[in-house]
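Asks: Residue-level listing of the chains:
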Amino acid sequence: MSVLSKLEEALVCLKAGKVTLPYPAQAQPLPEKFRGRPIFDATKCIGCAGCANNCPAREILVVDLCQEVRILQYLGRRCTYCGRCAEVCPEKAITMSQEFENGTNAIHDLGQRLEIFMSTCQRCGRCFKEPSVLEQLKMKGYRFDDVQNERWIYRSRAFLEEEKTVDDIAIELD
Amino acid sequence: MIAREMFEKFKARFGPLIDRADLPNDRRLFVFVDRSAVKYVCQHVFRELDARYVITIGADDRPFSGNFIVAHNFAFDKEHLLCSVLTQLPADDPKIDSITDMVPAASWAEREMRDLVGIEPVGHHYPKRLVLPDGWPEGNHPLRKDVAWNEVPAEFDPEREFHFDDPPEGCTVVPFGPFHPTLDEPAHFRLYVEGEMVRGCEYRGFMVHRGIEKLAESVMGYNDIPMLAERICGICGCVHNVAYVQAVEEAAALKPPPRAEYIRTIMLELERLHSHLLWTGLACHIVGFDTLFMQSFRIREPIMWMAEKISGNRKTYALCVVGGVRWEITPEIRGELRQTLDKLETEWRSVVAAVSRDRNIQKRTWGVGMADKDLVKEAGLIGPVARAAGVDIDCRRDHPYAAYDRVEFDVITEHGGDVWSRLLVRMREVFESIRIIRQCLDKMEPGPLQLEIKDELPIGRMGLSSVEAPRGESHHFVITGENNRPRRWRVRAPTYQNLQGVPRMIKDQQIADMTISLGSIDPCFSCTDRLETIDLRSGTTKIWAQEELLKLTRAKKA
Amino acid sequence: MDRSTIWMIVAGLLNVGLVLLVAPFFQGVLRKVTARIQSRQGPPVRQPYFDLLKLLGKEDIESGETPAMQRFAVYLSLATVLTVACLLPMGFAAPMNGAGDVILLIYLLTLCGICTLLAGLAAGSTYSLVGISREMMGMITLEPLFAIAIIVGALHTGSLRLDTVLNGSVYATAGVPFSGLIMLVVILMSFQGFVQRVPFDISEAETELMEGPLMEYSGPKLALFKYAYMAKLVIYSTLFVALFVPWGSELAFPLGWLLFWGKVFVLVLLVTLVAATHARYRIDQAIRYFAGLLAIALVALVLASYGH
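Chains as they are written, first to last, in the numbering used here: chain G, 126 to 299; chain S, -15 to 542; chain A, 31 to 338.
Hints listed in this document are in silico derivations from the structure and should not be mistaken for laboratory results. Mixed in with the good hints, there may be bad ones.
With a straight-line Cα cutoff of 30 Å, these simulated DSS-like cross-link-like pairs (lysine-lysine) come out [what the hints assert, rightly or not]:
| no. | chain 1 | residue 1 | chain 2 | residue 2 |
| --- | --- | --- | --- | --- |
| 1 | G | K217 | S | K129 |
| 2 | G | K158 | S | K438 |
| 3 | S | K438 | G | K265 |
Construct the complete structure from the given sequences, taking the supplied hints into account.
Replies: As C-alpha cells, then:
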C-alpha cells in the first residue's frame, strides 16, 4: 500500500538526521593520499625533465637557456592533479599536497618556476632514465619549450640552437 | 577453441571471400574480407549467427599500409567471443557499402566515419552530418593523418545554419534542449508533438565534442592516455581508463599481475555503486520526488569518501597504467571499505523495500519508455536497458576481464522493458556489486602492482576490450603504433548505442514522459561526444559585445 | 463615510498586510521542514524575504510575446490574491461583510487561477503554452471543488454572507453532517492541487517544462508572481480553516487569533509533508483523480440540498 511505503521512506529519511557539513565555514579533514596541487622542490630537483615528459596535459615546460641553466616551468592551468609527475620523479622532489582550493583571478599564481644549474656531464645531464620503456616521445637532449607563450615545442636536439622557432607542431626527435 | 570454431564456421560459409584472419587468443577473432563482401558477411553474422552489433570503425592507415581500414565489430555473447570484420579500402576510393539496412544499429557509426575519416557509406538511408559542426568545410576530415591535431580550418563558416527536417503532418515542434534543466549536458531533441503525445523526434548532438581520439593519436603516449580516457565521462571514468589499458595490454599480449586485476575490479564496482545510486536519485528528481534524490545522494557519499581514500580523488581515480595499477589497498582501507559496504547495504535495502512498493513512483514509470527485445536487437541496446527488457547480456560474464572470472555474481534481468524495470535492475545491481567487492577483498593475494615492461610494445597490432560500464558495454579498439603512441583508438561508449533507441522509445508517449524515458537510459552525453573540437574562438576573430550577445539570446528564432 | 465603512476598509487593509507579511514566512517554514526531511540543513526560515527583495532589485527583461499583457497578468495575479485576503476572516470576523458575498469569493478564486493562464499566454513560448494547456485542463476539474464546498455551506445556512458561511457552515445540519464530512475529505485530498505543490504542481514542473507559464518572467515580475504563489498558500489555508475547522473561533482576541493561526500552521505542515514524500503526477493522471473527486463532491452537493 502506498501510504505504508511513504511512511517507510519517511522513516529512512528521519533516521538519518542532518548530514549537511559546515564547509567552508570549517575545513573538512582530507585523506592522506589526497591528490591536490603538486609542489615542486627546487633544492631536490636534478633537472631531468621526467615530470615534463610524463605529464599527460603537457603542463610542465622545459627550456635550456644555456649549457648550464635549465628552466622548468609548471603552469598549473590544465593540470589534472593525476600525480604522474610525483610518481616518476627520481629524486622525490614533487609532492602532491592537500591544497585543492586553487581558484584565483591571476593564473600565474599557480605557476611554479625552477631554475636549475645543470652541472656534470653536459650531454647526459639532460637524459632521463625512464621508469618503464613506455616513455613519452623520447625527448632527450636540449629542450626549447616556449615559456613566454606557454606552449610545448615537440622538439629536442643534441645541441643548443640559437633560434627557437615557435611554430613547430610536428614532432621532431633527434 | 572458441575463436577457432567460429573461424571454421566462417571459412565453411565464406571461404574465398576471406583474405586473412588473426586469432590472437581464444576470445578474439579478426577477419579481413574483400570490400565487396563486407555487407554480405555482416548480414550473415548479425542475422544468422545472431551476434550483437558493437561498432563500426574507420581508420586512416595510409602512412603505414597505404589504405583506409574499416572494421565492423560484433560480439557473440553466449560464445564469449569478440569478432571484428575488417576490410581495406584504397586511398583514392574510400567507399564501402553501408550495412545500415541490414544492421540498423550501425546508423550513427557510419555517419561518424563519413564525417571524421571521409569514408563514404554507400546506400546509407540518412547521410546527414552527425559530428562535425555545420560550418566545417567539406573535404576536411579531422581524423585523417594529414590533418594536424590543432588545425583550425580557414574556410570555417560560422554563419552556416543547420537544416532541420520538416515535422510530419499535424505536429508542432517542441524543442527539448540544448539547454534544459533536466540534462546536465547539451542535447537537442526536436520533438514532433501532437497535443500531448510525441509522434517522433530529430536528435542533434555532439555539441561537446572534444578531440580526444585525435589528441591521443597525435601527441600523447600510451601511459598518458589513461588520464585522458577517464575524463571522457563525468561518472564512469574508471571504465574508460581500464578499457583502454586492457585493449593495449591485449594488443601487446601483456598480462597484468593478479593483485592489479583485483584492484581494478574493486574500483570498477565502486564506480558502479556510485553511478547507480546517483541515477536512482536523478530518476526520482525527474519525476519530482526530491526527497528520494537527496537520500540517494546521502547514502552514496561514503562511497565517494572511500574512493578518495584509495585513489586520492572522488571520481578521477587515475587508476591504471599499461601493465598494472597505481594505487594500493592497505589493510586499514580494507577494513574501512568493509564497514562502508555493510552500512550501505543496510540502508539501501530499506530504500529498495520502500520504493518497490511505492505506487506513486510506479504510476509515473510503468509502461513508459518501452524498449522490447526487438528494439534491443535492432538498435543494439546494451546495459540495464537491455537487461530490463529480458535480454541477458553482461560483459562481466560474457567477455570476462580483470578479475571477473574469479568471482561469482548474478546478472539481474527484468521483463517489463519500461522505466520501472530499469529502476529495479539498477537498484538490485547495487547488491551484486557489493557482493563482488567483498569477494575480491577476500580473494586478493599480496603481490606486485605493475608489470615490468622491458621491451617496446609491438607495432600495428589490434586490441579489443569490452568493459561493463554502469550504463552498458564500453568498447575500446586500439591499433598500436610507433613512438609509444597508438595509431588508432576508438571509444564506443554505451550511451552512443542507447541514444539511437531513444526516438523509438519516446514515440507515442506523452511529453511529460520524455524526460524520464531519456533519463532511464542513464545518458552520458560526454561519453558519446568524445571526438573533435577545435577551439573556434582562436580561429575566428569575432568578438561578441555584450549587447550583441544579449540581443542574440533574446531574439525570437523560428 | 461612517465608522463602520472606515472600519471595514481598515480591517481589509490589515488583512492584506498580514498576508503580505506572513506568506514568505510560511514558505520559509515549508522549505525548512522539507530540507529536514531530506536530511539537510535547509535555508533559514527568513530566506524567502531575501529572495523576493533580491528579485525586486533585478533588471526587468521583457522577453515574451506581449509585454503589456505580461505586466497586466502580473499585477492582476497579486491583486486578486490580496483582494481575496480582504474578504476572508483571519482570526477575526470577515472584514468586508456587507460588500461581498460568497459568489464573489468563488469568482475571485477562479480569477487567481486564470492569471496563470494569462501569464503563460502572454509569454507565448512553446513551453509556456504547453504549461498553460496543462493548467487549463487541470483547472476544469479542480476549481469546482472548493466552489462546491462553499455552496454546500451556503445551502446549509441558507445565506450567502461571508461571516455565516465561512464559519464551519458545512457542518450546520441537524444530525450527522454527511455532506460536510465528505467535502472535508475531498478538499483535503485535493488541497495540494489548489496550492500548486507536489504531487500536483504540474504546470510548473521544473524538470519537464522549465517552469512553464513563468518562463519569460524575470526580476520584479517574477518576484510578484512568487509572492502571489506564496500568498495563495496562506489564502487557501485560511479558507480551509474557516470553512472546515471553525472550533475555537469564538474565543476572545489573543487566544482565538493565535488558535486560528496555529491551525493554519498545522495545515501548512501537512502540505509540506505530503509535498516532500510524493512524486509529481502526469496531467492525465491528475485529471482523472480530480474528476473522481468531483463526482464525489457532486454527491455531497445533492445530499446537502436534501439537508444532510
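Asks: Please go over all the hints and tell whether each is borne out by the structure.
Replies: Taking the hints in turn, this is what the structure says about them:
1. G:K217 to S:K129: The hint is violated at about 39 Å.
2. G:K158 to S:K438: Status holds; Cα separation ~29 Å.
3. S:K438 to G:K265: 19 Å, holds
Hint 1 from the list above is the single one not met by this structure.
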